[in-house]
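Take 318 as the starting number for the sequence shown in the numbering used here and just add one per residue.
Hints are computed from structural coordinates only; laboratory data are not their basis. Among the hints, a few may not be true.
As the list claims (entries may be wrong) - Distance condition first, Cα-Cα at most 27 Å in a straight line; then the derived DSS-like pairs of lysine-lysine:
| id | residue 1 | residue 2 |
| --- | --- | --- |
| 1 | Lys388 | Lys509 |
| 2 | Lys430 | Lys336 |
| 3 | Lys430 | Lys509 |
| 4 | Lys509 | Lys336 |
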Amino acid sequence: MSREPELRPVPWTMSDNAKGVAVVIAFLIGIMILTTIATVIIAFSLLGSEAFLELGADGIRDYIASDDFTKYLVVVSLVGTLVLEGAILFTVWRFSVAKYRCGWRPLGFRHFKLRGALRLALVVLGACVLVNFLYAVVVSLLGAESLEPSPLPFDYDPGGASLALLALVSLIVAPFVEETFFRGFLFTGLGKRFGYSWGAVLSALLFALAHLQMAALVPIFLLGLLLAWLYARTGSLWPCIFTHFAYNSIALLFMI
Numbered sequence: 318m319s320r321e322p323e324l325r326p327v328p329w330t331m332s333d334n335a336k337g338v339a340v341v342i343a344f345l346i347g348i349m350i351l352t353t354i355a356t357v358i359i360a361f362s363l364l365g366s367e368a369f370l371e372l373g374a375d376g377i378r379d380y381i382a383s384d385d386f387t388k389y390l391v392v393v394s395l396v397g398t399l400v401l402e403g404a405i406l407f408t409v410w411r412f413s414v415a416k417y418r419c420g421w422r423p424l425g426f427r428h429f430k431l432r433g434a435l436r437l438a439l440v441v442l443g444a445c446v447l448v449n450f451l452y453a454v455v456v457s458l459l460g461a462e463s464l465e466p467s468p469l470p471f472d473y474d475p476g477g478a479s480l481a482l483l484a485l486v487s488l489i490v491a492p493f494v495e496e497t498f499f500r501g502f503l504f505t506g507l508g509k510r511f512g513y514s515w516g517a518v519l520s521a522l523l524f525a526l527a528h529l530q531m532a533a534l535v536p537i538f539l540l541g542l543l544l545a546w547l548y549a550r551t552g553s554l555w556p557c558i559f560t561h562f563a564y565n566s567i568a569l570l571f572m573i
């Protein structure tokens, strides 16, 4: 039986992890509320006060879901996501770097062996692509189209500014911030308390739930497990960030 990868010691505790998760949830709820308010304000501005009030609750809901308004909804959602990612990074800094004055190195920003890490990263990426393919096949065979993962929570083909913003969020910001939080901060803190296996499972579960896509819960959970393994094997967060970037790049290309 192969030994579990060993995690490097970190100064923060499970209590710091719990506080970090609570703060992120609070930020998420706040940003969702602000995003909803911003959406209504934009609809009010576009329609005018009289037309907006004449629609009623059902009419407003239908208008916001219409093709004409979806392009504005995409931009609002992506801006909200950018703000949330910034809040997540701040949370990591607050409960690790700032609290223990340890710098960013314990979070995984270390040197690594390029050739070995690249080989492992490609294995993880290939496994993730295979899992997504098999998951899509199973969903198709079951006739459960509602379980098919989608990059956006609504049907829309982004272009122009919205596509550029989507690329910024999914290819640059999300891989860096999410790997820092879920692998660098949560996985190591939970692993310190519960051991490698439970640390990987719990951090991967939180990673999957954080994406708010029940349809993609299984593949995202498995992605989180594989990224935790990659982090433990390489001792660095950079291979995880690269793999996350490559995974999102493939998803974005398929969407386009």
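Pair hint Lys430 and Lys509, alpha-carbon separation not exceeding 27 Å:
It holds: about 24 Å lies between the C-alpha atoms, which stays within 27 Å.
Keeping to a limit of 27 Å between CA atoms, is the pair of Lys388 and Lys509 held or broken?
Not satisfied, since the Cα-Cα distance of roughly 44 Å exceeds 27 Å.
Can the restraint linking Lys509 and Lys336 be considered satisfied, given a maximum Cα separation of 27 Å?
holds, 16 Å
Straight-line alpha-carbon gap Lys430 to Lys336, limit 27 Å:
Violated, because 33 Å separates the two Cα atoms, which is more than 27 Å.
Hint compliance for this structure: hints 1, 2 are broken, all remaining hints hold.
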